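What follows is each chain in one-letter form.
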Amino acid sequence: MNYTLQFSVIWNNFGFFIQGVLLTLQLAFVSIAIGLVLGILGALGRTSVHRILNAIAVAYVEFIRNTPFLIQLFFFFFGLPSIGVRLNSWQAAVLALAINFGAYATEIIRAGIEGIRKGQIEAGMALGLNKLQIFRRVVLIPALGNIYPSLVGQTVIAILFTSVVSQISAEELTFVGTYLESRTFRSFEIYLTISLLYLVMIWIVKAIAFLIQKKYFRFMQFIR
Amino acid sequence: MQSFTLTQILMNLLWATRWTVALSAIAFIGGGLVGFLVMLMRISPRKIFRYLSGIYVEFFQGTPLLMQLFLTFFGLSVLLGINLSPWVAAAIALTTYSSAFLAEIWRGSVAAIPQGQWEAANALGFNYVRQLQRIILPQAVKMSVPPTVGFAVQVIKGTSLASVIGFVELARTATSISNVTFQPFLVFSFAALIYFCLCFPLSLLSKRLEQRFALQG
Chain A
1 MNYTLQFSVI
11 WNNFGFFIQG
21 VLLTLQLAFV
31 SIAIGLVLGI
41 LGALGRTSVH
51 RILNAIAVAY
61 VEFIRNTPFL
71 IQLFFFFFGL
81 PSIGVRLNSW
91 QAAVLALAIN
101 FGAYATEIIR
111 AGIEGIRKGQ
121 IEAGMALGLN
131 KLQIFRRVVL
141 IPALGNIYPS
151 LVGQTVIAIL
161 FTSVVSQISA
171 EELTFVGTYL
181 ESRTFRSFEI
191 YLTISLLYLV
201 MIWIVKAIAF
211 LIQKKYFRFM
221 QFIR
Chain B
225 MQSFTLTQIL
235 MNLLWATRWT
245 VALSAIAFIG
255 GGLVGFLVML
265 MRISPRKIFR
275 YLSGIYVEFF
285 QGTPLLMQLF
295 LTFFGLSVLL
305 GINLSPWVAA
315 AIALTTYSSA
325 FLAEIWRGSV
335 AAIPQGQWEA
345 ANALGFNYVR
355 QLQRIILPQA
365 VKMSVPPTVG
375 FAVQVIKGTS
385 LASVIGFVEL
395 ARTATSISNV
405 TFQPFLVFSF
415 AALIYFCLCF
425 PLSLLSKRLE
435 QRFALQG
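Chains A and B, in that order, are what the protein sequence lines are.
79 is the number that the numbering used here gives to position 79 of the first sequence; each next residue is one higher, with no gaps.
387 is the number that the numbering used here gives to position 163 of the second sequence; each next residue is one higher, with no gaps.
Please keep in mind that the hints were generated in silico from the structure rather than gathered at the bench.
Do not take every clue at face value.
Within a straight-line C-alpha distance of at most 20 Å, the following computed DMTMM-like cross-link-like pairs (lysine to aspartate or glutamate) qualify [claimed, not checked]:
#: 1; chain 1: A; residue 1: 206; chain 2: B; residue 2: 328
#: 2; chain 1: B; residue 1: 431; chain 2: A; residue 2: 62
#: 3; chain 1: A; residue 1: 206; chain 2: B; residue 2: 282
The model shown is predicted, which means the values in this text are computed figures rather than measured ones.
The task is simple: from the sequences and hints, build the whole structure.
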């Protein structure tokens, strides 16, 4: 073994790494926010009595969950321009990540909605709540408590997925890594550091998620 | 620009699919073997084993698969001074990745076995290995089948990332064909469809098995 590790490349480019982390978090945050909206819409479709809405939601979920994210990303970035939809790499990345997250969120939220017992909804009706109130207070919020752990897990997966968008040159942490690697050839040091940065990001996200759970979803154990 | 007929595009993609299937099979089987050992460490009564395997799982579940591929392909090559081919690097990276997830799935199944089963096995005078082999694992295996099948889908999808380090499979071939034909929309749609045909039956199977086991209780 005639290779000596030189971690000086990490200190010398520390600013780049921090910038990469921030870009990744920003990308993940925007896509997950949009993806959650898609997930709620998808879950409404999945639980709807309209056959067509239901079929669309099923097709969306199954198609996204059974194809690789890389192909979805390439489809949006390289494929869509040929039908006249031109997206820059950041837009394509957000779109692909959001649509991907939305499909998984649909299934998670649907399971949460179906976990709400019918009697609870009837109780809401008996209290004279209108449809929107029932959806919000009797269905959505308790369901959120039930699905919270799965959603956090999916969020972690989505953050890891953001690394793939480096392949269409969207700027985030992995892209910073490949850029630095091409300039310094210190591949092992750089990719190890980046891997550890992802790990730390995920620990922090999980820790925050745990605190939120403790604060807001404590009531869940009383309902069940 | 080269013109390909529709059939030619499809045939090329289908022909490349065999490497996707091969890599998935290697990763799944290799991951299963390594994962079983990691799972045994995870449930070991010895703290040091649990600790080490915990770090292993945390690393592979907490970092992007793409980074793991880069670390294996570029990192190991530089570190060991040997040139790993994309084939070997992809096989190693996907095996370790699968092993961490399978270990965690199986650990969950073992953890779901009621404590009383261990106690009963103990009362029968079985030693640790016998307890696992005769009482715990047979029950855990049954429970772990649906999520294990479900994870096979993740492995197949994961192999698409091996294209990034130059492993020629379905995704890589799709990129190449799209580059020469200038028909990305068509080519990536086809590629997605092929992946779907590989993954969807497994997803369905996993769901069916899960429902059947849920009914059996």
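Hints, one by one, checked against the model:
1. 206/A x 328/B: 18 Å, holds
2. 431/B x 62/A: Given pair residue 431/B, residue 62/A holds - Cα atoms ~12 Å apart, limit 20 Å.
3. 206/A x 282/B: Distance ~13 Å between residue 206/A and residue 282/B Cα, so the pair holds.
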